Structures are given as structure tokens and as C-alpha cells.
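Enquirer: Residues per chain, in single letters:
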Amino acid sequence: MQLLEDFLANLSSHPRSCCLVEGGLRLSYREVAEKAGGVARQLLTLTLPEGYPVAVALPRGIDATCAVLGILASGRCYLPLDLKAPRLRQRWILEDSRAVAVIGHAPWNDLTLPWITIDTISPTPLEPLPLEMENLAAILYTSGSTGTPKGVALSHRAIHAFSDWAKELVSLGPEDRIAAIAPLHFDLSTFDLFSSLSSGASIHFLPEGLTIAPSHLTAWLSDTAITGFYSVPSLLSFWSWKGNLSASPLPDLRFLLFAGETFPTARLRQLAGYLPHTRLYNLYGPTETNVCCHWPVERETLDSDHPIPIGYPACGDRLYIAPRHNELWVQGPTLASGYWQQGQLHPFLNEEGWYQTGDRVGRNDQGEYVYRGRLDRMLKVSGHRVEPAEIEAALLSLPQVIECAVVGIEDWEGIRPAAAVVMQQDEAIPTIRALLKRTLPTYMLPSTIRRLDSLPRLSNGKPDLVSIQAILTR
Amino acid sequence: MTDIRAKLRGFVLEELVYCEDPDTFSDDEDLLEAGLDSLGIMRLIMFAEREFGITLPDTEIEPDMVRNFNALTGWIESHRQ
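Protein sequences appear in the order of chains S and V. Take 9 as the starting number for the first sequence in this note's numbering and just add one per residue. Take 44 as the starting number for the second sequence in this note's numbering and just add one per residue.
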């Protein structure tokens, strides 16, 4: 039993059905399986150390999907790299993960790891190695509170528990045409890949550039007759605001899933108004739990501007509100196996066997779970996890910076990181910006960097983050 | 026009795009390659509509309009008349 089982069942019953579409390229289930089989065979012919991931250095699309399926079939787990992040960060992740090979297009210079060029793969029948459900399937790196990125290690069991639940939730079937928007290093992509392929649906990769052209996105969804997709509220907000939706109803769009941050109620109300026949779902969960809570949007409750709830337990997970700080604890089948750091798995459950999310929650009058904020400093920026400590570590690694503090500042379009820095004389902020850009991905770059003579501090000596936030918001 | 360009440059180079030296960032340099992403463009459009009292039509929002400061300034200017 493993994650690919339902895909294989669809392969044998409908080998010629449409599976993956990217631009003008369209592959059937059989063609996808054969390309993945070629990847698996090539991996098996290399004698690679057991127990480490194979990295995927490809953008979302047909090649990347075939690479993922091939890696899984070869009995290994995949590590998707964020190709938009600085190369330094990608290399750091390759080293930390102890990845044993990379699949991509042209090999990178100065990389000693075995490199598989996806473009030269010859089709081979797909014969996945037998696996246990507890075997690792994916390692997704996110921002880490200790100052460096950390890998979240997901087993076949964990991904299957979510993908199978989501498939049932939206009644996915072979007729569905799913738009894949999320990059592979985002846990949202596990729906695109595994819920879709296990239900015989086809995946349509969003053409590059459409996320910044909302009305073109609408036209593409309409022309492609997309029946559902899974994205983040910030993208959906932009789409709802400027997507020309009033002039272009999307009759084929059956459902929309969103997660990663709170959807502002007014914007969701606007979107729900444009899509009267589309079922909307708010999914919730940190990468460590994938989705553990969900709320099928009840349109009649959107009239007030109250934040929408995160709803009810999902995927067979159990939720518990620990009394001390009203922190949400989670147990259940979607939980990751642990953190992957320096090539090793580190379990993250507490002594009682729960994962402590660090999210403060409550229950409303209807008994629905409601998100109330973080217990620590973590920020969600357009669905990305951003740990201020990681930005601080990047700032402090610069010789120009003496001390610094990073906080989240909120305005009409969401939360962004901002930094207060104390610097050596004669250093300019643009220099700091340019240096930061070499190590941090775009969504982690502080939108405001302000130079202070010293950081305001509390009586215990720690930076006074409330005052710093006030200074940076001004 | 100069005023619009200066305001757009100020906002984009201060808040949305990281560059070595804002003063030497040229008006035909590619903003999308410099890191302007979808969230940045949403913020840019909100800024432009509020700052210049205009409404930018949905169907005009596409990469070529925000590709560089020359294109962006021309686009905003065309809605002020």
C-alpha cells in the first residue's frame, strides 16, 4: 500500500485518459507513467545511499510531476526546491537534507551530486517498488524559528490521509479538470498531484504569468473549463478584485479550496458573490499537519465582517485546545513524521503524543474552531510561513548589522515583515537590501527596513517588539 | 508625468523590489525579473489607484503594463487624462 496505488489503478483502467496538460502539451496516464518509469529506472541504476531524498529542481509542470512520481516509484522521497529562492538558499537546503541526487534540466555548475536530466529520460513501464505507508514521501522546507529553514517530512500515510479526504470532500472524479497553481514546495500541491491523479482527473498547469494578470486567469479558467483548484487567499483576493469576474461567470468551476492564511471576510464575500454555484472551502493547518480543520463556507454568514472560522476537524485528525494558552494541539493521520534536519528525522510530538501548533484557537457559538493568532512570532505572508528569527539571522550575518529585530506590520493588504536595524556608521539601507536578497526568498524580504540608533528594550533586556512594531508602522 | 514616475519609483523601489541602488535603477529595467510578484503588483495597483484617483480596468492588468517604469508610468498616465 502506498501513495501511488490509486494512480496505478487509474492507469490500468483508463491508460489513455488525459492526465497532465501544460501549454500545448497533453500527456495520457500511460505517457505520464512511462516518463515516471524512466525516472525511476534511472534512479535505480545509480547506486545511491538509502534513506535520503532526491531533489526536484524543476518548475511546477509535467516534468516536475513525472519526476515526483518516478522518485516515489523508486522508493525514495522527493524534495522540491523553490527555484525562485536565491541559489544560496537552495544549495543550503540540498546540503542540509543530504539529498543524494537532483532531477532538473541543465545541471548546475559546481554541484557534485548526481544529476538526472529530465529531458533525456526514455519511457519505461512504471513498476513501483513495494513500500510501507510510514516511508517518507516528501520533504517540504519552510522557514525555521531557529534561524535556518527546516524540512517537514511527510510520509505516504500522511499525504494519503489528506489527499483521500480532500478527494471525497469535493467528490473528485475522472471528469474533473484541476488547475495546478501552487509550487511543489507548498503543501497545497499535494492536492493537485495526489487527489487529482488518484481520482482519474486531469491536471492543468497554470501558464506562467497568469497570477499577475487576473482577468487572463479568469479567461484561462473559462477556456480550459477548470472544475476546481486550491490556492491561497492573497491570490484569490487579487483575482476577485481585478479578475473581471462580473463579466465572465465560470459555470464549470465546481469548487475552490483555499488555505495558508485568513481570507479577509469582505473579499471572500465579493468572491462568493461572483461564483454563486461554486462550493468554497476554508482549509486550515500548518505544514506539519497538512490540513487538520476545514470550514465549508456558509455564504449567509459572510454578511458580517467577522473573521471566518476554521471550522471542524478534517482528515480524521483529533483537535485539542490546551487550556494554558488556548493552543491548538493535533493528533491524527495527516501529521508529518517529524522535522528533517541535517539528513535526519527529528520527531516533534510532545510527551502526550500531540503536535503543538503554536496557534491560539477558540470555539464560537456554533462549536466551530476559530483561529485567534500565534503564540510565537511566526508570520504568514501570502500563505508562506515566515519566521522573523530567520530574517534576523540573515541580517546579523551581514558585517554591517550590529543588532536587529523583525516584526510583522499589517495594513490593508495583509502582513509583511519589517526590520529595525542598528548598523555600523556609513552603511546605507540599499546595501543591506541587496545583500539580503542574495540569501532570502522574496516573500521573506522586509518591506520596510529602518535604521535606529539602538533597539528599544524591555527591562529584561529583550527587544521591545511592541515599540519596534509601532516605530515601523509609523 | 515626472511626478507620477517619481511617486511610482519611490513606492516600488522602497517597498516592492529590492535593488542595489534605487537611484541608478533604470526606467527600462525589468521589474518582474527584479522580483515584482503578484502580491507586489496587487499592492502597486492599490497604491496607484489611491494615489492618483484612478481605476485601472481589470482587462488591462498584465505583465507588459508593469514590466518597467516606462511602461508603468505610461499606463497610469493614460488613465489620468
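Honestly, the hints are just simulated from the structure, not real lab data. Heads up, a few of these hints could be off.
[Stated by the list, open to error] Reference listing, derived: stretches of chain V covered by chain S, where coverage requires no fewer than 3 residues with Cβ under 8 angstroms from a Cβ of chain S:
hint, region
1, 58-70
2, 111-118
[To be verified] With a straight-line cut-off of 30 angstroms between C-alpha atoms, the simulated DSSO-like cross-links for lysine-lysine are:
hint, chain 1, residue 1, chain 2, residue 2
3, S, 92, S, 445
4, S, 175, S, 445
5, S, 445, S, 388
6, S, 388, V, 50
7, S, 445, V, 50
8, S, 445, S, 470
9, S, 388, S, 470
10, S, 470, V, 50
11, S, 388, S, 92
In this text, all values refer to a predicted model and were calculated from it rather than measured experimentally. Even glycine gets a Cβ: it sits at the ideal position worked out from N, Cα and C.
Enquirer: A separate judgement is required for each hint: does it hold in the structure or not?
Expert: Now for the hints, and whether the structure bears them out:
For the region 58-70 of chain V, the proposed coverage by chain S is satisfied: 7 residues have a C-beta within less than 8 angstroms of a C-beta in that chain, meeting the threshold of three. With 0 residues having a beta carbon nearer than 8 angstroms to a beta carbon of chain S, the region 111-118 of chain V misses the requirement of three or more and the stated coverage is violated. At roughly 11 angstroms between alpha-carbon atoms, residue 92 of chain S and residue 445 of chain S fall within 30 angstroms of each other, so this suggested pair holds. Between residue 175 of chain S and residue 445 of chain S the alpha-carbon distance is near 39 angstroms, which puts this suggested pair outside the 30 angstroms criterion.
Our distance criterion of 30 angstroms between C-alpha atoms is met by residue 445 of chain S and residue 388 of chain S, whose separation comes to about 19 angstroms. A distance of roughly 28 angstroms separates the Cα atoms of residue 388 of chain S and residue 50 of chain V; the hinted pair therefore holds under the 30 angstroms criterion. In summary, the hint linking residue 445 of chain S to residue 50 of chain V is supported, as the alpha carbons are separated by about 23 angstroms, within the 30 angstroms threshold. Restraint check: the Cα-Cα separation between residue 445 of chain S and residue 470 of chain S comes to about 27 angstroms, which is no more than 30 angstroms; the hinted pair holds.
With a C-alpha separation of about 23 angstroms, the suggested pairing of residue 388 of chain S with residue 470 of chain S holds against the 30 angstroms cut-off. Restraint check: the Cα-Cα separation between residue 470 of chain S and residue 50 of chain V comes to about 38 angstroms, which exceeds 30 angstroms; the hinted pair is violated. Taking the CA atoms of residue 388 of chain S and residue 92 of chain S, the gap is near 18 angstroms; set against the 30 angstroms cutoff, the hint holds.
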